[in-house]
Amino acid sequence: MFIRLITALVAAMLLASPGRAQQLSIWHDLGDNGTKWLAEAGAEFAKTHPGVSLRPISYPTDQWFGRTIGAINTGTAPDLLFSNYERVIRVASQTGKIGDMRAVLDGIADHGFLSGDDLRVASFGGRMIILPVQRVQMAFGVRKSWLDKVGEPFPQTWEDAKRVAGKFQAGDPEGTGTGTVFGFALEAAKPRDLIHMLDLFTFGAGLRHTLVDPEGNVVIDEPEHARVLAEVLNTFGAYKLVPPDTINYSFNEMYQVIEGGRTGMFRVGDWNVAKWDAQGIKGDFVVGAWPRFFADRQNAVVIGGMRGVAVPENAPNKKLADEFAAFLLGKPAQQASLRIVGSAVRRDLDVSGLSERQRLFAQPQWPLIAYDFPEGGLAWYPELEAAFHRKLLTAIAVPPQDMPAFVKATAEEMRTLAKQLAARKG
Amino acid sequence: MPGLAIRREGVFYLFALPFAALTILFGLWPILLSIQVSFTASATALQPHPQWVGLANYAAIFADPVFQASLARTLLYTVLAVAANLAFALAYALLLDSALIGWGRTVFKLAVFLPVVTPDVAGYVVWRWLYDQSFGAVNAALKLAGLPGFGGLASPGTAMLALLVAELWHHAGFYVLIFLANLAILDRAQTEASHIDGATTLQRFWYVTLPQLRPAIAVNLVYALIQFLKTFTAVVVMTKGGPADATNFVSFYAYQQFDSAQYGQATAMATVLFAIVLLVALSAYRVTERGRA
Numbered sequence: 001m002f003i004r005l006i007t008a009l010v011a012a013m014l015l016a017s018p019g020r021a022q023q024l025s026i027w028h029d030l031g032d033n034g035t036k037w038l039a040e041a042g043a044e045f046a047k048t049h050p051g052v053s054l055r056p057i058s059y060p061t062d063q064w065f066g067r068t069i070g071a072i073n074t075g076t077a078p079d080l081l082f083s084n085y086e087r088v089i090r091v092a093s094q095t096g097k098i099g100d101m102r103a104v105l106d107g108i109a110d111h112g113f114l115s116g117d118d119l120r121v122a123s124f125g126g127r128m129i130i131l132p133v134q135r136v137q138m139a140f141g142v143r144k145s146w147l148d149k150v151g152e153p154f155p156q157t158w159e160d161a162k163r164v165a166g167k168f169q170a171g172d173p174e175g176t177g178t179g180t181v182f183g184f185a186l187e188a189a190k191p192r193d194l195i196h197m198l199d200l201f202t203f204g205a206g207l208r209h210t211l212v213d214p215e216g217n218v219v220i221d222e223p224e225h226a227r228v229l230a231e232v233l234n235t236f237g238a239y240k241l242v243p244p245d246t247i248n249y250s251f252n253e254m255y256q257v258i259e260g261g262r263t264g265m266f267r268v269g270d271w272n273v274a275k276w277d278a279q280g281i282k283g284d285f286v287v288g289a290w291p292r293f294f295a296d297r298q299n300a301v302v303i304g305g306m307r308g309v310a311v312p313e314n315a316p317n318k319k320l321a322d323e324f325a326a327f328l329l330g331k332p333a334q335q336a337s338l339r340i341v342g343s344a345v346r347r348d349l350d351v352s353g354l355s356e357r358q359r360l361f362a363q364p365q366w367p368l369i370a371y372d373f374p375e376g377g378l379a380w381y382p383e384l385e386a387a388f389h390r391k392l393l394t395a396i397a398v399p400p401q402d403m404p405a406f407v408k409a410t411a412e413e414m415r416t417l418a419k420q421l422a423a424r425k426g
Numbered sequence: 427m428p429g430l431a432i433r434r435e436g437v438f439y440l441f442a443l444p445f446a447a448l449t450i451l452f453g454l455w456p457i458l459l460s461i462q463v464s465f466t467a468s469a470t471a472l473q474p475h476p477q478w479v480g481l482a483n484y485a486a487i488f489a490d491p492v493f494q495a496s497l498a499r500t501l502l503y504t505v506l507a508v509a510a511n512l513a514f515a516l517a518y519a520l521l522l523d524s525a526l527i528g529w530g531r532t533v534f535k536l537a538v539f540l541p542v543v544t545p546d547v548a549g550y551v552v553w554r555w556l557y558d559q560s561f562g563a564v565n566a567a568l569k570l571a572g573l574p575g576f577g578g579l580a581s582p583g584t585a586m587l588a589l590l591v592a593e594l595w596h597h598a599g600f601y602v603l604i605f606l607a608n609l610a611i612l613d614r615a616q617t618e619a620s621h622i623d624g625a626t627t628l629q630r631f632w633y634v635t636l637p638q639l640r641p642a643i644a645v646n647l648v649y650a651l652i653q654f655l656k657t658f659t660a661v662v663v664m665t666k667g668g669p670a671d672a673t674n675f676v677s678f679y680a681y682q683q684f685d686s687a688q689y690g691q692a693t694a695m696a697t698v699l700f701a702i703v704l705l706v707a708l709s710a711y712r713v714t715e716r717g718r719a
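Chains as they are written, first to last, in the numbering used here: chain A, 1 to 426; chain B, 427 to 719.
Quick caveat, the hints were computed from the structure, so don't treat them as lab data. Ideal Cβ positions, reconstructed from N, Cα and C, are used throughout, including at glycine. One should not assume that every hint holds.
[Unchecked claim] Covered stretches of chain B, as calculated for chain A (at least 3 residues, CB under 8 Å): (1) 469-477; (2) 578-585; (3) 616-622; (4) 661-674; (5) 680-693.
For reference, chain B alone in the conformation it holds in the complex (with noise of 0.2 Å):
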């Protein structure tokens, strides 16, 4: 019945067009627009007719050290942010799935779920406090424990740290959900099998569980690249790319690049971090698909 496929096909983006025609008209418009920007010079870029500079701009991005520390720099990050952020909420999702929590299962889903809703600026305003070498909460309680006192986002040596820990509060909690929800369809035949062949428990989980949790580590693999290649927010509000550029990411950087005019520059970055973020993604989709198959 080929007509009435083509018939229900078109019917389908009938319903799809309008989505399409506005996610290329808000989506994938402005990020050509900015990729036209990033080939013309900075000071005629938003003029009807710029001057187009070819390369010139991803070549003076790539030759500017500060750029260079700072891609290196949100490499590091994205790295450890996404193997801390993974393996915490991995941890607290097979605590939530145990026998061991009991009641309490409720109020450790709602803590780490109700961050991931709190407006993201509120919650980095009060992690800004908490850090603060005057008055800040963590400094009181090391100290009050008779610990040497973190350093917090005032230095350089640890300000990435302490991003990191208000990212992790920030967002672990959605990772959390999506390795919950795998955990509720395993095959728990697979698990009592094992604990019948006297696997140990680590033996259980590397080799029953784990592999079962592909899916939802695949799932959240692609999105905290995503997400901590991209770190902008949290940067604004708490550090502003400092102290000394200890948390100047690439976002961060464009951003400030942009604010001083030099938009060629500043989209240019933008286009690097955009291709890397889309190479990242689709590898690591890759290689979890590839691993499932």
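One chain only, chain A, in its complex shape (with noise of 0.2 Å):
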């Protein structure tokens, strides 16, 4: 009797559990808006996978990189993992187990929205490193009420922006007094800080390369380029548009600039607009292309990567782990990402409750244009750009007196550098 009734138990026990639970691991370096996100997209993933939960679990990116690194060479890799195509790029170079995800998008069936511009941002030594989730728009923004204090319209034009620059700073806008205010904030101490600032003015104004074209041909003495790049140096030096600490400042400190509201002219990531709309700007800003430079060329918004989803070769449950990287880019983990993060690559989400600055990111209607990303074919680039930009800082701090020579000179240098890392490096 005791013995069936143990048997019984036992048997009751095994029909009544669910199964073995799986449990998904995925690291990522968006904070705590991304682990929001990926929660309710892992419970909305759970529900057509019964037993499987995500876990996600949020590193600030300098720990992310090692800690990634180090748990795929160590056999301990998570199961996924979500951030920038640049920092996956350095993860799969550094251990070479991240998995090409392109049977995983040609397996689903509505991936059309995704541009040929988003898919080359998102392959790295022949294989496709991340499936694109969120496309990063950057547009550039301008203080409405000083705007309309020096009655001025949105500029157009690099010379509308300089004019409106002068204008504010000679206006006393915040009425603290003139000397306070600036036209641009910008930042450049590191530098991808400085380069990414001459990467939007100048995909900005139309152009495709900043420093190199995709064969590693340095362009930045070509005349339009010569130009954009002059015009931001000075930007720092001559016109004095800027804080003039400027040098020194890195994010935080132009976000502080920014929110502080010492500057008028800003950049405007479409993961800064709801905390703008509520907080530091608090809405006091309007949004479009970056100014034109050239009148034949189309200026933009600068599609500034992708940030998507990656899974290691040896991640525990691959399998699962496809499934649920292409589900990141179905309708309702999407929608959650606009929601939520600010970005996706589906344009056929509901935005109806976005602000109308939050819509203009989520359906564009402004030309883009996308970052070239050199180092995804060129091994060498980031030594060369590290290079390039101790030139550049070294015009700030003392700015040349002929910028025309200054720019062909270091062209000239930079040609030299280049050659000599591609022969070492390859």
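Two chains, two frames, some hints: make the complex.
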């Protein structure tokens, strides 16, 4: 009797158990918003995959690199990774174990919303290392109340932008005294900071490369590139349209200047809008394309990259991880991404709950132009960029008397260095 | 009683063992691993079977003009910062020890020691604001006094000086404390005797007080050398190595290299800096100890 009872109990427990639970882990560097979004997407995924749960873990970006590379190389990889394309490149080159997502993409019936540019900035070394999930758009923003005070419309051309910047600086729009507010908020301290600013003005003006073309040829002394470069440098030097300490500014300091009401024109990323609608700038800004430099070139909002999901080849639950990666391109996960993080890649999402400015990014009507990401094809590019940054910082610290001569000499120097690096690194 | 001695030593080692193990695990092991990484190719440095490149990373950094300049800058800054900090701390400690200062002694002690216990990042953020070219208090005060403006952190010509002042504010209190401890145990009879013998104030300081301060000078010198050779936090918070590399010291340059995945070269730089710190600190200690003997 007793044995029968035990057998029945065990049988009942086995029948009642939903099968072995599976947990997918995803390591990202998107902070609290990213965790919230992924948790919501995981809960939605579990509706069609009973017993599967998702564990999103957020790391600060610098820690994310070390932990991810270390875990993949020691056989303790998470199931999925989520980060920016250029960061996944570094993980791919350090581990050689990032799976090719091409088959996963091909398995998704409706992926027509991904453009050629989107897919180009997802590939590295002939493999699709991320499935693009969030497009990173960066527009040009101007304080609305300041424009009203100086009687100017949103600047369309670079000449407009310079004139408006001058009026902001002279007009004391915050009532804090002249010399306390500035035209532009830029950053310059680290190599990526200054080149990022140059990227925005260069691509925003309709050009396709900042320092080198895909073959590795230095382009900075081509007439159009030289003009943008000279104007950006003059913004620091001759024009004095940024705070004098900008040479030491990185992202944090740039944000302090923007949110502290010390500047009139600045970069607006899609991820900034929800926050700036509510706090900091409190909605007092208009956004649009970057200023036009050339009459015959279309200016644009810049696609500064792609955030996406990657699956390590040694992921513990690789098949399920691929399924979840594909799920992130589906409408429910994309809708949550747009609502919580502020960006997505699908164009058929409901935008009724978004602010007017968020809608501009969610359903972009403005021309878009994507970064070229030379590091994706040229292994030596980061070293060249670091050397270029040093030259530019010197020019900001001690503005050259003859800017065209400086640009030409810098171009020659970069060409020589590029040849040396290419010979050394291939 | 050799048995008792062995047992006593055994107990000592038993108590020391956990701390020795922790030091080896968290102190020495990472240093050894870092040195190991400096002999590998950056692209494979974090892989289970890295590619060994011998001394290639060391050859690369010594051929790098930015590293050469960074090393020279680090040594220059260390010399200036050590000299400024120790001179200031000694003068301040002598002032606190003298009868001149009277009732204000506690206030002055507090004023110099508070920055030591202030979180360094918070302190340096405030200094960055003080130096700010558009709203900083330093230039506002200079302007009020009718003096020319100070380039602060925005100018390559003044950034190192600005950093040095901020670091002096943060660290000098510690050196003052060491000097004060030494001053408290000075043999006052020698000072009085030299006074009776007609020695001037300067002679009394140079021939009587200073030789007795040798222990404090040794401790402060070694500590300051280590401190300023490794200057990092102030650079990260205030200048990020700029402007135009004016404050790009070896520790920060190595960090930058690490940040751009040049792990082999970054750890080679860290190893070179470690060797210099070790060499300089040991030499300074030996020199001051020899003088004492």
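Requested in this report: Tell me if chain A covers the region 578-585 of chain B under the three-residue, 8 Å CB rule, please?
Outcome: n = 5 at 8 Å, threshold three: holds.
Query raised in the report: Are three or more residues of the region 661-674 of chain B within 8 Å, CB to CB, of chain A?
Result: holds (count 9)
Query - Coverage of the region 469-477 of chain B by chain A, judged on three or more residues with CB within 8 Å - result: holds (count 6)
Report task. Report holds or violated for chain A covering the region 616-622 of chain B, Cβ cut-off 8 Å, minimum 3 residues. Result -> violated (count 0)
Requested in this report: Check, residue by residue, whether the region 680-693 of chain B contains three or more positions whose beta-carbon lies closer than 8 Å to a beta-carbon of chain A, and give the verdict.
Outcome: With 4 residues in contact (Cβ-Cβ under 8 Å with chain A), the coverage given for the region 680-693 of chain B holds.
Taken one by one, the earlier hints fail for this structure only at number 3.
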